[in-house]
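Line by line, the protein sequences give chains A and B. Following the UniProt record's numbering, the numbering of the first sequence begins with 1 at its first residue and continues without gaps. Following the UniProt record's numbering, the numbering of the second sequence begins with 1 at its first residue and continues without gaps.
It is worth saying that the hints were derived from the structure and are not from the lab. Some hints could be false.
[To be verified] With a straight-line cut-off of 20 Å between C-alpha atoms, the simulated PhoX-like cross-links for lysine-lysine are:
| no. | chain 1 | residue 1 | chain 2 | residue 2 |
| --- | --- | --- | --- | --- |
| 1 | A | K154 | A | K186 |
| 2 | A | K614 | A | K792 |
| 3 | A | K429 | A | K186 |
| 4 | B | K209 | A | K738 |
| 5 | A | K37 | A | K215 |
| 6 | B | K44 | A | K462 |
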Amino acid sequence: MQQRSGGWKVINKWLEDKELKPFKFQEDAWKAYLQGKSGIVNAPTGFGKTFSLFLGAVISWIDSHPKDYSGKTKNGLQLLWVTPLRALAKDLGRAMETALQELNVSWEVGIRSGDTATSVRAAQKRQMPEVLIITPESLHVLMGQKEYANIFKKLHTVVVDEWHELIGSKRGVQVELALSRLRGLKAGALKVWGISATIGNLDEALEVLLGPYHKDGIIIRSNLKKNIALKSVIPDEIENYPWAGHLGIRMLPQALPIIEESQTTLVFTNTRSQSEIWYQALLKADPMLAGALALHHGSIDQELRIWVEEALHNGILKAVVCTASLDLGVDFRPVDIVIQVGSPKGVARFLQRAGRSGHQPGAVSRIFFLPTHALELVEAAALKAAINEGLVESRMPVLLAFDVLLQYLMTLAVSDGFYASEIYEEVKKTFCYQDLTEDEWTWLLAFLTTGGDALGGYDEFKKVEREGDFYICRNRTMAMRHRLHIGTIVSDAMLNVKFLSGGYVGVIEEGFISRLQPGDTFTLAGRNLEFVMIKDMTVLVRKSNAKRTIVPSYQGGRIPLSSNLGRMLREKFNEALSRKTSDPELIALQPLFRLQEELSHIPKDNELLIEQIKTKDGYHLFVYPFEGRLVHEVMAALLAYRISRIQPITFSIAMNDYGFELLSDQPIPVTAENAKMLLSTDNLLTELQTSVNATEMARRKFRDIAVISGLIFQGYPGKHKANRHLQSSASLLFNVFKDYDPDNLLLRQAFNEAFFYQMEEARLRETLERIAVSRIVITTPEKLTPFCFPIKVDSLRDTMTSEKLEDRIKKLIAVNG
Amino acid sequence: MVGEIFEFQGQRWHLLPEKAVFWEEEQALIVSDIHLGKATHFRKAGIAVPSGIGQEDLFRLQKLIIRYLPVRVIIVGDMFHSAENSEVQYFKLWRQQFANVTFELVEGNHDIMATAVYEQLQITVHESLTIRDIHFIHEPCDEANGFRYTFSGHLHPAYVMQGTGKQRLRLPCFYFGKHCGILPAFGHFTGHASIDTSETDIVFVIAGKTIIRAQ
Numbered sequence: 001m002q003q004r005s006g007g008w009k010v011i012n013k014w015l016e017d018k019e020l021k022p023f024k025f026q027e028d029a030w031k032a033y034l035q036g037k038s039g040i041v042n043a044p045t046g047f048g049k050t051f052s053l054f055l056g057a058v059i060s061w062i063d064s065h066p067k068d069y070s071g072k073t074k075n076g077l078q079l080l081w082v083t084p085l086r087a088l089a090k091d092l093g094r095a096m097e098t099a100l101q102e103l104n105v106s107w108e109v110g111i112r113s114g115d116t117a118t119s120v121r122a123a124q125k126r127q128m129p130e131v132l133i134i135t136p137e138s139l140h141v142l143m144g145q146k147e148y149a150n151i152f153k154k155l156h157t158v159v160v161d162e163w164h165e166l167i168g169s170k171r172g173v174q175v176e177l178a179l180s181r182l183r184g185l186k187a188g189a190l191k192v193w194g195i196s197a198t199i200g201n202l203d204e205a206l207e208v209l210l211g212p213y214h215k216d217g218i219i220i221r222s223n224l225k226k227n228i229a230l231k232s233v234i235p236d237e238i239e240n241y242p243w244a245g246h247l248g249i250r251m252l253p254q255a256l257p258i259i260e261e262s263q264t265t266l267v268f269t270n271t272r273s274q275s276e277i278w279y280q281a282l283l284k285a286d287p288m289l290a291g292a293l294a295l296h297h298g299s300i301d302q303e304l305r306i307w308v309e310e311a312l313h314n315g316i317l318k319a320v321v322c323t324a325s326l327d328l329g330v331d332f333r334p335v336d337i338v339i340q341v342g343s344p345k346g347v348a349r350f351l352q353r354a355g356r357s358g359h360q361p362g363a364v365s366r367i368f369f370l371p372t373h374a375l376e377l378v379e380a381a382a383l384k385a386a387i388n389e390g391l392v393e394s395r396m397p398v399l400l401a402f403d404v405l406l407q408y409l410m411t412l413a414v415s416d417g418f419y420a421s422e423i424y425e426e427v428k429k430t431f432c433y434q435d436l437t438e439d440e441w442t443w444l445l446a447f448l449t450t451g452g453d454a455l456g457g458y459d460e461f462k463k464v465e466r467e468g469d470f471y472i473c474r475n476r477t478m479a480m481r482h483r484l485h486i487g488t489i490v491s492d493a494m495l496n497v498k499f500l501s502g503g504y505v506g507v508i509e510e511g512f513i514s515r516l517q518p519g520d521t522f523t524l525a526g527r528n529l530e531f532v533m534i535k536d537m538t539v540l541v542r543k544s545n546a547k548r549t550i551v552p553s554y555q556g557g558r559i560p561l562s563s564n565l566g567r568m569l570r571e572k573f574n575e576a577l578s579r580k581t582s583d584p585e586l587i588a589l590q591p592l593f594r595l596q597e598e599l600s601h602i603p604k605d606n607e608l609l610i611e612q613i614k615t616k617d618g619y620h621l622f623v624y625p626f627e628g629r630l631v632h633e634v635m636a637a638l639l640a641y642r643i644s645r646i647q648p649i650t651f652s653i654a655m656n657d658y659g660f661e662l663l664s665d666q667p668i669p670v671t672a673e674n675a676k677m678l679l680s681t682d683n684l685l686t687e688l689q690t691s692v693n694a695t696e697m698a699r700r701k702f703r704d705i706a707v708i709s710g711l712i713f714q715g716y717p718g719k720h721k722a723n724r725h726l727q728s729s730a731s732l733l734f735n736v737f738k739d740y741d742p743d744n745l746l747l748r749q750a751f752n753e754a755f756f757y758q759m760e761e762a763r764l765r766e767t768l769e770r771i772a773v774s775r776i777v778i779t780t781p782e783k784l785t786p787f788c789f790p791i792k793v794d795s796l797r798d799t800m801t802s803e804k805l806e807d808r809i810k811k812l813i814a815v816n817g
Numbered sequence: 001m002v003g004e005i006f007e008f009q010g011q012r013w014h015l016l017p018e019k020a021v022f023w024e025e026e027q028a029l030i031v032s033d034i035h036l037g038k039a040t041h042f043r044k045a046g047i048a049v050p051s052g053i054g055q056e057d058l059f060r061l062q063k064l065i066i067r068y069l070p071v072r073v074i075i076v077g078d079m080f081h082s083a084e085n086s087e088v089q090y091f092k093l094w095r096q097q098f099a100n101v102t103f104e105l106v107e108g109n110h111d112i113m114a115t116a117v118y119e120q121l122q123i124t125v126h127e128s129l130t131i132r133d134i135h136f137i138h139e140p141c142d143e144a145n146g147f148r149y150t151f152s153g154h155l156h157p158a159y160v161m162q163g164t165g166k167q168r169l170r171l172p173c174f175y176f177g178k179h180c181g182i183l184p185a186f187g188h189f190t191g192h193a194s195i196d197t198s199e200t201d202i203v204f205v206i207a208g209k210t211i212i213r214a215q
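Chain A with its partners taken away, still in its complex shape:
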């Protein structure tokens, strides 16, 4: 093929001039592409994944226009490049433009995201560039425009970048739906390629991307391996009562020399609040860093983030404190060291972050693990072992997301309208909606046209009109509102933060700001600010010189331990117990283990430890399955429910990634005799449904669903006041649906999401099966143990009760006098 392709020769020549040689996987990808195939390219970052597909398309173009490929302009949109992050678009575009220029191919590269200026959009409308880099949301916005089909007339290839990031989310579903429409427009003649890092279920990722065409799809794997050097920063002194409250700041003196000795360091933290604290603390510890240290997270002003990214490229920063906002594949060459503060909670995420350093092919990625509390050192040892064994998590695709489908149907309704039978066929072919029933489809259409359960004469529901099989929205206000609303990334209601004197600082969660009084000071984007007031959905602040400020916490920050890492963790505890370990992390932890052993017990991997402790707070029961917070949350509720059937009792429940706690005002009747029965898989599903506060979990899930499906009206930018009467909270909507429309599909989706994604029922069952064949060890320590301490002090809480509401209230009243 190489011999016959003129384009291939042009590319080879170009590479040779630069003294470069294509990697084998790149050539494999070009070949498959030229054969007209679709598929996935899987390679580590830093080896030119982009070029494996982009150049494929360029070769094909040169082949089909051998004479005029360098002069032919205005060819229409050829290649659509979907990327999850706006930040990636610019770098990608730059790399592509450079290559095109050097190859003398007269293609244009455009970017389309939420940040694209109106003038650029208008220009694109007149003449689309040949290559368009776009986010999933913006792709849907394009499909929400009149005569959108014209845009895609010449389109032959869609590449979905960072597919592993998208597949487990509703944005992945957006990609599936957009692809289904594009395939429909092209009668199937569309090449679709994904680019993915290694995940546990790459074959499934292919199936989700290609839908019914996946059998012809191909996965091109590079045999290149990224070398990772992981080193734990071991605290000088191991605290016997570990807790994460100080966010690792105590380890800062040991982080400074690492930063000083490297060219550029990325300091990854797990939450935005933690990154703010680290930023401040680093500056305080080393004032020389001022000007060379930056902060990057999702709540910081876009412009500032772009500046930080540029500065990283140019190598003028010594270090950047960041969150997942810098996880994805932008190529910052100067970065040679990564510090991970606190556990990354998963192997894949850790690998991704490690890969941010040593971005050149063949370079070693160097990452330091800095524990926020001593027990996390065990996680470091577990991570090392997992990486050695090549254990990487799977990303489970989202199924039957009715909210995203409703949004998509509305998008089609506001553009040119749609024929239901045609769209139904397309939607049914996606992985996400393969099990969609006709009844559900009918319900969705009714939701858009009559608003569900219309009660006849008095109803004034207005949205989409139906003309036989054709559905269209002719209401301009509603169409405009929908276009502004497209997108599935939802966070807690975010408010803009501005100075009184003007000037934008960033965004902040409404829930945080509502707890502040005027005059309180807080930290955002590395600045100390005094809260003045909220006006028109904007938080007004002035600069503050206060020494002590509150650092906002964000809801989205807590990530549960993955099951792979959990298993490794249990093995490491086993190893630590054997005292034969060579892991420096485990050796350092010996004093803590000794105390745990003295007070209670260290579970072997065929044991489950339960501790019963009495303190002034009440009676505590601690259980340590090491399965991650989500599984623990559900297990705790299940155990609480089963105990509560023995006697009326109320629990408060807390958990972390290692175990969970039941706390009650009366002794908890768990004994060596009944423990196995209380943790059995008998009647699991039914008892789960009654025990877990499924309603509360579903209520939390419903928030996103309500926003995505258009039930919550967020208002027009800068025009909030006029629509005050249309505001309501998701929780309130959830209540009215539950009481008045219990069969609502969106409500059902909320419960499903709670069960399958939040409760991880399958993983819970596996855990219980493991416990069934384990030995249960119950201890009654005199005081808190190193294991239970972090659960008691740092965790989230829930309630489970079998007492009557009135009795509970009476008790609460009695206690409060």
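Could you slot chain B onto chain A? The hints should help.
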């Protein structure tokens, strides 16, 4: 359902779990924040909330009127949610069955319809209302205002209770402060706001079908 008869300011107030108060001496039923028409207002804008909420709220009010046979119903503001819509017409029909009962609305921030509409619906609108030196005004007052006592709505109050074992409950409530009492929101499609209380305040929470004094 059973209420709680609360003797306060020399009057007998029946606090009802339906989120209403029956004032025995005046034979008056008092409710606040019904937000009639809210669901329809949403549906008109293409937001498919269930359509029967307003009718259910009125049915609940109807049952209360039949049980207590008040001479008047006092609504302490936010009777209607927004501009006139079909739920308002529904109310007009519903209203006819109680031709002998007067409806007195103390204007709330949501009551924005034209005066003529209220006239048609046979609702008397007041900025505030005072009976036996008991003052009714939509937004709560912080300080003494010269009246014996004041009743308000507006906040949709809920009371948070905490206890050992870190237990927590949040329930809609009747709140009686030093100068001003705040009524729970009557409408079902309304949210709650947690209120801060001081030790001398009296609070009754609505726990399902009963009323319990919480402090």
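Cross-check of the supplied hints:
| no. | hint | result |
| --- | --- | --- |
| 1 | A:K154 x A:K186 | 9 Å, holds |
| 2 | A:K614 x A:K792 | 12 Å, holds |
| 3 | A:K429 x A:K186 | 15 Å, holds |
| 4 | B:K209 x A:K738 | 18 Å, holds |
| 5 | A:K37 x A:K215 | 11 Å, holds |
| 6 | B:K44 x A:K462 | 5 Å, holds |
In terms of the numbered hints stated before, the structure departs from none.
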